[in-house]
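Q: Please build the complex by placing chain B on the supplied structure of chain A, with the hints as guidance.
Chains A and B, in that order, are what the protein sequence lines are. Numbering follows the UniProt record's numbering, with no gaps: position 5 of the first sequence is 5. Numbering follows the UniProt record's numbering, with no gaps: position 17 of the second sequence is 17.
What the hints contain is simulated information worked out from the structure, not anything from laboratory work. Everything hinted at is true.
SDA-like mimics (lysine to any residue), calculated; alpha carbons at most 20 Å apart, straight line: (1) A/K96 / B/H39; (2) B/K127 / A/S85; (3) A/K88 / B/Q125; (4) A/K194 / A/R175; (5) B/K127 / A/E95; (6) A/K96 / B/T42; (7) A/K170 / A/V227; (8) B/K127 / A/E154; (9) B/K127 / A/H330; (10) A/K196 / A/Y176; (11) A/K96 / B/V124; (12) B/K127 / A/W97; (13) B/K127 / A/I91; (14) A/K96 / B/Q125; (15) B/K127 / A/P114; (16) A/K170 / B/T18; (17) A/K96 / A/S59; (18) B/K127 / A/P92; (19) B/K156 / B/R144; (20) B/K156 / B/T195; (21) A/K88 / B/L130.
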Amino acid sequence: MANSDPIPVGVLFSTSGATATIERSQAFATFFAINEINAAGGIHGRELVPVYYDPQGDSQQYQAYAERMIREDRVNVMFGCYMSSTRKAVIPVVEKWRKLLFYPTPYEGFEFSPHVIYTGAAPNQNSAQLAEYMTRHFGARIYLIGSDYIYPYESNRIMSDFILQVPGGKKLAERYLPLDASEKDFIPIARDIKAKSPDFVFSTVVGKATRMLYQAYADSGMDAMHVPIASLTTCEAEVSEMGNRIAAGHITSAPYFQSIATAHNHACVARFRQQFGDEIEPNMCWEAAYFQVHLFAEAMRAAGDDHYDSLLPHLLGRAFEAPQGRVIIHPGNHHARLNPRIGRVNANGQFDIVAASDGLGVVPDPYLVSHVGAAWNTLQSPAEVRYG
Amino acid sequence: MANTVPQRPNSSKQQRTTLDAFRSLRDARIAIFHPQDSHRDTLVQQLQRIGCQTACLWPPPADLPENTDIILFLLNAEASAKKKLSWLTPSSDIPMIGIVEYENPTILDTALALGCHGILVSPVQAKGILTTLIVSIQHFRNVRTLSKRNQRLEEKLQAVNEVSAAQAVIARAKGISAADAYKVMREQAMLKRVTIEEIARAILHADGLLNH
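Just chain A, same shape as in the assembly (with noise of 0.2 Å):
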């Protein structure tokens, strides 16, 4: 191959279906890393050219257009995937090939591929803090809510355990609805948390119906700021959707909101709204989909070629400044030393940090079964401040 010719890299993301709006915003962060790293010469004066398929939300398209970017798109590295479930389908694919896949999406752990680089939240990076800040703030009587898959079973498994070590901690409902629920679904729902009055709702609802449960919230008269929802998932996207009114007040924990008050932060969002305008809100995902493509093109950089062979070594341990702060790939299990963080959506549809870990983030670790003790130690408690 001559030094010049361009590098077809993989794109996995729906643009349709229940999950759309993320995976898009997540596919255009994608975009935008690599006419970066083109603007500033590529690699080595190679060209990053997106080899992009809308798989729909269905784990078998997810698949079969994996298969295809391989054999026919001649890629060797793509990034995608938002449910595990997509995960999961795309894994034997990279595996069987020797490729590699980026997975920039908080996901629910136990879980190691050599052929995939993770750099979404791990558990103990978001749900520890969040069950460690709620509990610390509103209460241990909780209220469970979500959609009806994997990754909200086992993020309910963690808040449970947690708060059943808490005293006076309870469980007063643990509901599940599909992925394609509709408005009139919420409303009971909404109805019989205002009846069993938690300290708060544990939300691992996701997609569309992200926007109909709090509306459904509001709706019934709950008041955010009393009793808000706390989520793994919620960000600037469904926030932007559902409306600041009806956003405002809940809690969302996170390694990367849009309101992070750094130079490097304000200046990455600036350049992302110059190129691809106001519709798409930088949010978690947005973030890693974004620092895992110049992770890679540094990779990529000092490997000389983009084969997972030559690849993997330059990837495990890697440093890069992301939005967030300082991110590390963990050599030993793939997924990124993240900074987790605590924000409350305030009256203008943005994130108030109102926790976060210290300047070292949080190792992950994604087989850890039981989240108390020295995990929640990070969180400092003079970090609870209010800005931006």
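A: Below, chain B without anything else, positioned relative to chain A:
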């Protein structure tokens, strides 16, 4: 995507908490008897991701390292030829997982005869190790619980038989009903501060001596 997962028996989604086997696994000390090679590296790396402590030894020692919680051992000709390994027994008091190179009847039969609670197939991959560990630990615990219960039941059954045999002896000797014979035995048990089973055993013993 499978949108639902099978539920545990007697447990609804309302009770979603963590299986005990997981908690013990997190800090488990695992002895690995396997030669140094890339397969062992894969195994050790995944065990460390899970959070276990590992100690690798080859060839397998006659005695286990102290405080071992789980054994993972390569089951091949070299290992099975050494029959003098004190830990390699079906009555092992910790879970044993054999690593086999062949999935054939001879090897699997050997693994089961040696008392393996779980089996991994070489070359091991990262995925599957956690599942085998959890299933093996759970299987080991279930077997242990059941055999303890079985032993208690056998003792109980034996005692019941002895009590009714002794009852018959007393009833015959004193010309009273079986129910009254039981009362007599119970009074004796109270008086001598022993169990009624022991009284029954003494009666049967004496009866045996007198009749032969």
